[in-house]
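*Asks:* So you can see what is in the structure, the chains are spelled out below.
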Amino acid sequence: MSNSVIKLSDVDIGFLGESPLISIPNFEAFAGEVIGIIGVSGIGKTTLLRTLAGLQQPLNGQISILGKSSFSELVKGSIGYIPQRLGLVHHQTVGYNVLMGALPQATWWQSLFSLPSAEMRLRTREAVDAVGLSDKISDQVSQLSGGQQRRVAVARSLMQKPSILLADECLGELDLATSEIVAEQLLHLAKEHGSCVILVDHSPARMRVLCDRLIELHQGKIREMEPGSISLPLL
Amino acid sequence: MLSSLIQNLRKRSRLITFIAVSLLAYIVSRHLDVTGPNLSRGFDNLLVIMAESFPPDFSVLTNRASWSNPPCNFDSDILCSPAAVGLLQTLEIAFLATLFGTIISLPLSSMAAHNLSPLWLSTITRNLLAGLRVLPSLIWALLFVIIVGIGPLAGVLAMTLYTIGYLGKLQYEALEGIRKQPLEAARAMGLSRAVVTRYFAIPEASNSLISQILFMFEYNVRHGSVVGLVGAGGIGWYMQYYISPFKLYDRVLALILVLYVTVTIIDWLSLKIRRRFIESEEVKKPRWRDVMLPQK
Chain A
3 MSNSVIKLSD
13 VDIGFLGESP
23 LISIPNFEAF
33 AGEVIGIIGV
43 SGIGKTTLLR
53 TLAGLQQPLN
63 GQISILGKSS
73 FSELVKGSIG
83 YIPQRLGLVH
93 HQTVGYNVLM
103 GALPQATWWQ
113 SLFSLPSAEM
123 RLRTREAVDA
133 VGLSDKISDQ
143 VSQLSGGQQR
153 RVAVARSLMQ
163 KPSILLADEC
173 LGELDLATSE
183 IVAEQLLHLA
193 KEHGSCVILV
203 DHSPARMRVL
213 CDRLIELHQG
223 KIREMEPGSI
233 SLPLL
Chain B
38 MLSSLIQNLR
48 KRSRLITFIA
58 VSLLAYIVSR
68 HLDVTGPNLS
78 RGFDNLLVIM
88 AESFPPDFSV
98 LTNRASWSNP
108 PCNFDSDILC
118 SPAAVGLLQT
128 LEIAFLATLF
138 GTIISLPLSS
148 MAAHNLSPLW
158 LSTITRNLLA
168 GLRVLPSLIW
178 ALLFVIIVGI
188 GPLAGVLAMT
198 LYTIGYLGKL
208 QYEALEGIRK
218 QPLEAARAMG
228 LSRAVVTRYF
238 AIPEASNSLI
248 SQILFMFEYN
258 VRHGSVVGLV
268 GAGGIGWYMQ
278 YYISPFKLYD
288 RVLALILVLY
298 VTVTIIDWLS
308 LKIRRRFIES
318 EEVKKPRWRD
328 VMLPQK
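If you're matching them up, the sequences are chains A and B in order. Just so you know, we're using this note's numbering here: the first sequence kicks off at 3 and counts up by one. Just so you know, we're using this note's numbering here: the second sequence kicks off at 38 and counts up by one.
Here chain A stands alone, though its shape is the one from the complex (with noise of 0.2 Å):
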């Protein structure tokens, strides 16, 4: 494997003033994995997330990403997060939202002036057209259907290049076909791109096909399977 982007050590998950929901002894993930992470609803997998993008602290240990100890050290951007309820805009338009992935690598007068270069109106496009939604560029996010929005949180994500991408189910209720492009292309930012790309999802099936390794989590501890011998279930 290639470069470890985060370690965990002795690190225990939760909120403050109650008692941990997951404690980790160890874990590392490198640079261009897909990891997987399943477990039954509310065992902490969004809590876990959520302290990985750093906006939640963990109750004790050590979180090391990209080779920093805090999250303020981190270059704007290394971090890519799509809430499990996606994040995006709603009063504003496919095309600005997607835009946004590219403000951490925006100057502080386009910032202020609001003046993306051309380059990133390019890209923009690029990333609109890869999840397919060239003829929806111009239309408020509100207006578009669940999965569309999905395919704009990850567009955003295309735009943005994290070195990581923690997805909170954002390939969840999502058709056959649209969930193969928004697969697609988070298997392009692993594998051109060399993002590490954390997935939480509930489908056995996909996780067998997407992820490189799968982490579950099991009363209050994280178990590390192969994604072959994911059961999948009969119907």
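Don't take each hint at face value.
Stated by the list, open to error - If the Cβ cut is set under 8 Å, some of the chain A residues that face chain B in the computed set are:
# : residue
1 : 55
2 : 56
3 : 57
4 : 83
5 : 85
6 : 87
7 : 90
8 : 94
Stated by the list, open to error - Quick list of the computed label-pair ranges, beta carbon to beta carbon:
#  : chain 1 : residue 1 : chain 2 : residue 2 : range
9  : A       : 230       : B       : 152       : 38 to 48 Å
10 : B       : 59        : A       : 18        : 49 to 59 Å
11 : A       : 21        : B       : 213       : 29 to 39 Å
12 : B       : 132       : A       : 21        : 53 to 63 Å
13 : B       : 172       : A       : 137       : 49 to 59 Å
14 : B       : 313       : A       : 110       : 28 to 38 Å
15 : A       : 137       : B       : 129       : 38 to 48 Å
16 : B       : 298       : A       : 179       : 55 to 65 Å
17 : B       : 140       : A       : 127       : 26 to 36 Å
18 : A       : 28        : B       : 152       : 28 to 38 Å
Stated by the list, open to error - Example chain B residues on the side facing chain A (calculated, C-beta under 7 Å, incomplete):
#  : residue
19 : 221
20 : 222
21 : 225
22 : 226
23 : 227
24 : 228
25 : 232
These are calculated hints, taken from the structure and not from any lab test. Here the structure is a predicted model, which is why all the values come from computation and not from measurement. Quick reminder that beta carbons are idealized off the backbone N, C-alpha and C, glycines included.
With chain A's structure known, arrange chain B on it following the hints.
*Replies:* What follows is chain B alone, placed relative to chain A:
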């Protein structure tokens, strides 16, 4: 024995409440000198004013106001009439106050919102906004008339300060009401607070913010007429001119009717436009009844 007494008291609680409230009302009325003879004297004055007010003198719409402040340079007497000049000034004061107030209150409200700023900054900013709301626009107008002199400038400054305090509160509440996911996605990217606010929070709350700005303009038109009474420009200043030295109540009534029609039209238009920006079903279709009746 005790329980039967309590039950008796409970049965008569309405009577006791009625007697207590009546007694309190009597004591407070005596204290404030709200007495029958005073009310009757006031009623006599009202009858005199009403008699002098009718019919309204609509010459305020046609005669030139040579004493207008600032002077009116149009050739047309109608355009330079007290009603036209006063009304235009009131609308101009409301427009500038809303514009300046919005420009200043938007960054302040972002600093006051708990979900966008650290606790120390939001506490300081909220206190500042609350301080601006402590004084009503009329008192601000009085202060600015003393500072910058009689005229619309005092009105613009007074209404701007009040707009900052009032609109700032409405806006930080709107910003606090947005969904947290767009902010989290932005924060995970490592963006600064200012960028998160500018590109995620404000666009997400944009419909509410635009609706509140329109409401504030509507409010400022109504209150812009009041600040004129203390010399801060607008139609209120022309009303005061007729009331104070000359007691020309028929002209005052005409100005009030002109203002009433204008405010009603603006309220209706504002309601209609604001409705476009709010998706919630709770916002009813604007009706004349909503505009005419005082709002709760």
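*Asks:* Please go over all the hints and tell whether each is borne out by the structure.
*Replies:* Against the structure, the hints:
1. 55: Status holds, d = 4 Å.
2. 56: Hint holds; residue 56 of chain A Cβ to chain B Cβ min 6 Å, cut 8 Å.
3. 57: 5 Å, holds
4. 83: Because about 4 Å separates residue 83 of chain A from the closest Cβ in chain B, which is inside the 8 Å limit, the hint holds.
5. 85: Status holds, d = 4 Å.
6. 87: 5 Å, holds
7. 90: With a minimum Cβ separation of about 6 Å from chain B (threshold 8 Å), the hint on residue 90 of chain A holds.
8. 94: 5 Å, holds
9. A:230 - B:152: 38 to 48 Å: 44 Å, holds
10. B:59 - A:18: 49 to 59 Å: 54 Å, holds
11. A:21 - B:213: 29 to 39 Å: Because 30 Å falls inside the window, the suggested range holds.
12. B:132 - A:21: 53 to 63 Å: 58 Å, holds
13. B:172 - A:137: 49 to 59 Å: 54 Å, holds
14. B:313 - A:110: 28 to 38 Å: Check passed, 35 Å falls within 28 to 38 Å.
15. A:137 - B:129: 38 to 48 Å: Between residue 137 of chain A and residue 129 of chain B, where Cβ atoms are some 45 Å apart, the hint holds.
16. B:298 - A:179: 55 to 65 Å: 60 Å, holds
17. B:140 - A:127: 26 to 36 Å: 33 Å, holds
18. A:28 - B:152: 28 to 38 Å: 35 Å, holds
19. 221: 5 Å, holds
20. 222: Since the shortest Cβ distance to chain A is 3 Å, the answer is holds.
21. 225: Given a least distance of 4 Å, the restraint on residue 225 of chain B holds.
22. 226: It holds, given that the least Cβ distance between residue 226 of chain B and chain A is near 5 Å, below 7 Å.
23. 227: 4 Å, holds
24. 228: 6 Å, holds
25. 232: This hint holds: residue 232 of chain B lies near chain A, its Cβ roughly 6 Å from the closest one there, short of 7 Å.
The structure fails none of the hints (numbered hints given earlier).
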